[in-house]
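Below, each chain spelled out in residue letters.
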Amino acid sequence: MQLHYQSQAVAKPYFIAAIGLFVGQILFGLIMGLQYVIGDFLFPAIPFNVARMVHTNLLIVWLLFGFMGAAYYLVPEETETELHSPLLAWVLFWVFLVAGALTVVGYLIVPYASLAEMTGNGILATMGREFLEQPLPTKLGIVVVALAFLYNIGMTMLKGRKTAISMILLIGLVGLAVLFLFAFYNPSNLVKDKYFWWWVVHLWVEGVWELILGAILGFVLLKLTGVDREVIEKWLYTIITLTLVTGIIGTGHHYYWIGAPAYWQWWGGIFSALEPLPFFALTVFCFNMVNRRRREHPNKAATLWALGTGVMAFLGAGVWGFLHTLAPINYYTHGTQITAAHGHMAFYGAYVMVVLTIISYAMPIMRGREANSERAQVLEMWSFWLMTVSMVFITLFLTAAGLLQVWLQRIIPNPQPFMVVQDQLALFYWLRWISGVVFLIGLVVYMYSFFVQDKPQPVAAGEVQPATA
Amino acid sequence: MSATFTKSMARNIFYGGTVFAALLFLALTFHTTWKLPQRDHRENLTAEVVRGKHLWETRNCIGCHTLLGEGAYFAPELGNVYKRRGGDFIKVWIKIQPTGAAGRRQMPQFHFTDPQLDDIVAFLKWTSEINTENWPPNIQG
Ligand code: HEC
Ligand code: HEM
Ligand code: HEM
Ligand SMILES: [Fe+2]
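Those protein sequence lines, which keep their order, are chains A and R. Residue numbers for the first sequence follow my numbering, so the first one is 1 and each next one is one higher. Residue numbers for the second sequence follow my numbering, so the first one is 1 and each next one is one higher.
This list has only true hints and no planted wrong ones.
Simulated DEER-style distance windows between Cβ atoms: (1) ILE139/R / ILE270/A: 29 to 37 Å; (2) GLY100/R / LEU87/A: 48 to 56 Å; (3) PHE30/R / PHE393/A: 43 to 51 Å; (4) ILE13/R / TYR263/A: 21 to 29 Å; (5) LEU26/R / PRO44/A: 44 to 52 Å; (6) ALA102/R / LEU427/A: 15 to 23 Å; (7) ASP423/A / PRO137/R: 14 to 22 Å.
It is worth saying that the hints were derived from the structure and are not from the lab. Note that the structure is predicted; figures quoted are calculated from it, not measured. Quick reminder that beta carbons are idealized off the backbone N, C-alpha and C, glycines included.
Input sequences plus hints: build the corresponding full structure.
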């Protein structure tokens with residue numbers, strides 16, 4: 001099995017880096033998980049907030065690596081032409097990796113206030129807001145890398161065939177870059193700050209990232225199932241219409257209690273209550289395509305990841321999102337472990353899994369075979385179940401903790417202080433941590449599956465070896 | 001999906017629907033921006049408050065705490081801490097960190113000067129006066 005276009009191979013370092021950073025993300029998740037129950041664990045060497053920045057920023061950076069790798073892999077194939085500049089893709093890879101690594105090292109070895117001072121936060125203050133903690137040079141680096149990346153992808157698309165899959169991917173990626181610009185807007189009025197902060201965070205995960213998700217899944221399903229392109233692309237347009245029509249105004253579900261007018265309880269509530277629709281459509285789409293498949297692709301693991309994405313994205317984003325999106329409920333659950341439960345399953349089910357789907361599909365081909373050996377696939381499928389089931393448990397334990405937290409701190413007649421409540425949730429936090437360890441085991445099995453060879457077939461001397469198909 | 005519903009129809013609905021939703025969202029945003037001054041009391045947004053927000057950000061308090069319900073869930077909500085504890089408590093509290101209590105969640109020592117502590121308190125006080133539609137449900141946050 002050969003790559004259709006040589007330049008698709010630049011996706012490989014992107015995928016490898018993504019997996020490497022994923023491991024780092026999980027290790028810091030486990031550190032925080034312990035700090036939840038052993039409060040002074042690693043204090044003051046790694047305070048909780050530092051571990052959290054590393055955990056969430058690594059998540060975002062490795063997902064971006066995954067998206068870029070996916071684009072480099074699928075755009076040449078969709079446009080039927082070589083990538084505009086593989087060299088640029090390689091340069092950007094190193095720039096992004098080094099910038100990301102330096103940022104994480106900075107978080108870990110320099111006090112945050114000094115980091116801010118050293119990196120020009122005094123010139124333009126953008127740091128210290130959740131998910132947007134990166135120093136100014138890193139933020140600027142992200143913009144430069146994104147622009148050069150879009151140039152590379154855009155030029156490739158200009159000279160080649162234009163398909164709906166690649167167009168949708170491009171719209172998603174352009175949207176991602178444009179919305180990130182709001183990270184540079186940090187008014188001293190906290191209400192305005194929060195209002196536009198969500199234009200990055202919400203409009204990413206419940207807006208443009210869903211287009212990227214749809215495009216990647218559409219591409220992989222097209223290849224795996226051999227279903228007619230027309231059918232797949234019609235589905236994609238339907239899904240992303242639902243996404244943006246509900247998701248843009250659905251931003252309002254974050255405007256209930258931050259000082260914005262009360263009417264957002266209606267606008268945000270109604271539109272965001274419809275946000276599960278695109279995720280439901282995505283699930284139906286995945287199963288429908290696999291059921292109508294016209295070929296049996298030997299890569300069973302990739303099919304499993306694709307179906308898993310459909311199911312888990314719907315559960316994490318659709319079901320767990322809906323759970324707390326209506327204002328009268330969100331009034332009680334806002335900013336509790338319920339939010340954390342939803343955040344974990346949604347990020348995992350949608351974006352982690354779609355990146356693992358494209359890696360599962362593309363990596364074997366980039367390594368010269370249509371699919372991995374039986375043994376490697378079996379291991380990969382084990383890792384799928386280990387990670388996915390443990391994420392379900394993490395979500396369930398956090399949901400249980402969240403319900404108790406809401407009850408004790410916000411509902412009963414004599415509400416208890418935050419720390420008193422947290423003490424009573426320790427059991428659930430321990431169970432979450434154990435689930436996290438299983439998740440890490442799943443991730444190790446996943447990486448191991450890349451190195452498994454098939455057992456060598458013994459061939460008796462003098463016998464003619466049958467030609468392989 | 002049926003053959004009468006073509007891909008180009010799907011595409012046009014996508015562009016139309018998206019533009020419509022985006023415009024509606026922008027209109028609501030303009031209206032919100034216009035209404036905000038009554039809700040955030042920006043006449044009280046003094047230089048102290050602005051400096052306090054800057055200290056809040058450069059110490060990454062949001063990495064442990066929630067502020068109006070957004071942030072991290074490791075430590076108490078601070079949007080209403082001014083009402084819960086008062087300014088003096090907040091200053092003393094920040095000064096005596098970390099508690100060092102074995103096994104208890106820890107908050108770092110930030111070495112603030114007294115004027116800086118006043119700025120932080122001013123910021124938390126201003127924040128506690130934002131009209132949040134009565135959130136949080138009670139003083140515990
Ligand atoms: C590493 C995590 C961490 C960081 C960073 C942090 N805090 Fe805390 N903070 C805590 C914890 C944990 C508690 C509760 C400790 C306890 O009760 O023993 C707390 C409690 C407080 C309280 C008392 C709340 C109450 O209701 O009694 C205030 C006020 C406070 N922090 C302010 C701040 C400010 C301001 C910053 C930033 C300059 C900050 N914290 C940064 C962890 C943190
Ligand atoms: C893949 C898609 C999604 C991802 C990755 C995601 C992720 C997240 C994350 C990380 C947060 C926490 C933000 C913070 O730190 O303050 C959050 C909050 C929230 N999400 Fe989602 N989400 C997704 C889809 C949805 C959907 C479809 C809905 C509604 C149906 C929804 C409803 C909410 C609500 C209401 C909150 C606010 C919680 C609170 O008040 O504390 N999400 N989401
Ligand atoms: C692929 C797997 C994971 C993903 C996608 C993920 C994602 C996230 C996200 C999005 C947040 C921010 C949540 C929010 O603001 O609501 C977060 C916070 C956190 N994560 Fe993870 N995470 C993963 C695995 C883990 C694991 C295995 C653990 C530990 C067992 C862990 C522990 C934590 C903790 C303790 C927080 C901080 C919650 C708080 O603010 O108090 N995560 N993670
Ligand atoms: Fe949202």
